[in-house]
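Visitor: Here's the letter readout for the chains.
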Amino acid sequence: MTADFNAMSDDEFRTMIRDFVETEYPGMPRFSLERLHWDEVKPWYMKLSQRGFLCPTWPVEHGGMNLEPGKHLIMVEELERFGAARVHDIGPVMLGPLLLKHGTEAQKAHFLPRILSGQDIWAQGYSEPGAGSDLAAVRCEAVQEGDEWVINGQKTWTTLGMDANWIFILVRTDKSVKKQAGISFLLVPMDAPGVTTRNIENLAGEAEFCEVFFDDVRVPLDHIVGGVNEGWAVAKALLGHERVFIGAPRLSAAALSRLEHLARHAGIWDTPIFRDRFVLLQCDVLDLGDLFQTYLDKLQDGAAIGADVAMLKIFQSELYQRISELSMQIAGPDSGLAQPPHDDRRLHAAATYLSARPITIFGGSTEILRNVLSKAVLGLPN
Amino acid sequence: MDDWTENSRMIVDSARAIVPADGNLVRVRDLRGKDAGFDRQMVARAGELGLFLMRVPEEAGGLGLGMRETCELMQVLGAGLVPEPIGSTIMAGALLGAAFPQDAASGDTVMVTAWQDSASSLHFDGVFGAGALTGEKIAVEGAAGADFFAVLTAEGVAIVPRDRAGLTISTAATLDGGQLARLHLKDLQAEMIPCPQAAAVVQDASLAHSAYLLGLSDRAFQITLDYMKVREQFGRLIGSFQALQHRATEMKIQLELLRATVMATAARFDTGAEAAHRARDADRCKLRAAETAMLIAREAVQMHGAMGITDESEIGLYVRKAMTVANLFGAPPAVRARLATTLEAVT
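Chains U and X, in that order, give the protein sequences.
First residue of the first sequence? That's -6 in our numbering, and the numbers climb one at a time after it.
First residue of the second sequence? That's 5 in our numbering, and the numbers climb one at a time after it.
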């Protein structure tokens, strides 16, 4: 099970992943544009875990695959080609790499195996009602009392927080300094006394997010990652391949293939007026692929990824939105259907449209990313 | 493995003999509207540097360099708004191979390519029969000062001197201070040299032209960005205004997409891309290049304010050049119509 995956040829590796997902994927939804909840997705999470495929970027000694970027991308491509559901990946993708970088040996030894085993499902508690794009404005507060942190405040937009048994949060631990300098990174069990949640229904009618409230919640001092008041640096630390992968063309390519299906169904595929617009979107997807590849090459070469990588996310997310907008037009009167027409998910333009909304908001809104590009890449003045 | 980067560095360095490294545009500005709109001595300089032999195979006496090197060169020429029809002569060399005349290669005579039949199509069929050429070739760059034309048809390529009976040339002044020409061929006696690589050469030349537009766009964007960092209004640098910043990031994104697409396509061409992919990729580069050049030209004018609509501003030279050359190698509607076919064949 500790094969050197990077030594395999790309084709061998691709075939291995393809065989795995085709034979092991449990009888559960494929190609879902909505996130599945833990009770639905758990069988697949466990299959990935048992095969050692849950945490592709972690080192082998910690139960990962130590995949280089090229192989990692192949894996992502194959899982998405099959339409495998996205598992609860905050632990594998965010907290795991973060602990590997900033955690103590005790934290790694305790928490990493519990992510791998599915014992701990993590949620991310960054945003607050008054701290969305302006993340450093967090007000949720932690005060040291004896050998405990006492936490009071609120987090929101916590994706699948209702399924999690742990949450990592950014908290204010010093109000007297510049806002970024007074933040710490804490680990909190969701079943601690004083933690309550309230679901938020989204436009699709799904409860993907929740609010999380902290009332005198107490956690031991060693539940901090990084030092006191070092939380901003910890949270901003590189998330490895993900910063690049978020700009991959595959989501847009998949949406484009659904649009083709929709247009054929609507009988307008061969009309020049549709095809001309489709051609431009196809070109955008291919061109994005070429830009994406330049970043993948940098990752492979071990070169630093700069702030300019945000260009990928901006273009990818806006492209996906443009495809979703044309899909709605082609769907015509079906554009407002709550369920897929003819039981065919690929015809459900509304699902594509709604899934296109959060991608320009979360993980750095387009407007914030453009601010960052203006300053850090173009050198424009304040 | 990185042969091409070393070659490119040498080519780009040598191109500095034509394009000042400091971006000085006095020569370009002075040439506008004079004679053919370009300088024959500069063509000879380019010939001395071997630029016209870049795409002639080594076995035919050329340099046999790749499209990556060519695209690096074309970016430099575009950034410097070079008016000499260097790309067109490189294309003639690639079409003619061993038949490319020595004095055209050296730049002692000026040879440009005439390939396109009509603005609405991307064909180069021409009409050739019984040893004679009849028909039209449009959008010929540098024709006003050319000594020879490499005329491409479905049957091959002919070398036609400008004074050959049966050839009339109609030229029209262009906004960049040059001339664009149409060749009218009537029962023109010519020897047809077979050119099995014609389609590939047209794709190469289209890609090279996209690289010229990339260089042009890149420099126009840089000039605009520099202006945003010095121009003050309301007591603030205009580059500090968020509305302008966000538009600048959009230009940057389009520019980087174009750069990635052009250079990735060049690399694919150099490493043996399939014919269907070649056609598709050259076309999508061309679409994005034209779109980006025009976007940046428009935005550059707006961000320069009233200065942007004066002839004395540097940015105006870029705007005029973009308007003149963005739609060469295929008007966007024709390119898009062809892409509808090639994209379906590939995907």
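Read the hints as simulated data drawn from the structure, not as lab findings.
Incorrect hints may appear among the rest.
Derived lysine to aspartate or glutamate pairs resembling EDC-like cross-links, with alpha carbons at most 20 angstroms apart [said to hold, decoys possible]:
1) U/K291 with X/E260
2) U/K368 with X/E254
3) U/K368 with U/D290
Non-contacting residues of chain U with respect to chain X, defined by C-beta distances greater than 12 angstroms in every case (computed) [claimed, not checked]:
4) P122
5) F206
6) P265
7) Q322
8) I354
9) N364
Even for Gly, the Cβ is constructed at its ideal location relative to N, Cα and C.
Visitor: Confirm or reject each hint.
Guide: Hint by hint, here is what the structure shows:
1. Restraint check: the Cα-Cα separation between U/K291 and X/E260 comes to about 15 angstroms, which is no more than 20 angstroms; the hinted pair holds.
2. At most 20 angstroms may separate the alpha-carbon atoms for a hinted pair to count; U/K368 and X/E254 meet this at roughly 14 angstroms.
3. Our distance criterion of 20 angstroms between C-alpha atoms is broken by U/K368 and U/D290, whose separation comes to about 25 angstroms.
4. The Cβ of U/P122 sits about 24 angstroms from the closest Cβ of chain X, beyond the 12 angstroms cut-off, so the non-interface label holds.
5. Distance to chain X confirms U/F206 as a non-interface residue, since its nearest Cβ pair spans about 34 angstroms, more than 12 angstroms.
6. Taking the minimum C-beta to C-beta distance to chain X, about 8 angstroms, the non-interface status of U/P265 is violated against the 12 angstroms cut.
7. Residue-level check passed: U/Q322 sits 19 angstroms from the nearest beta carbon of chain X, beyond 12 angstroms.
8. For U/I354, the requirement that its beta carbon stay farther than 12 angstroms from each beta carbon of chain X is met, with the minimum near 16 angstroms.
9. Remark: the non-interface label on U/N364 conflicts with the geometry, its nearest Cβ contact in chain X lying 7 angstroms away (cut-off 12 angstroms).
Checked against the numbered hints listed earlier, the structure breaks hints 3, 6 and 9; every other hint is satisfied.
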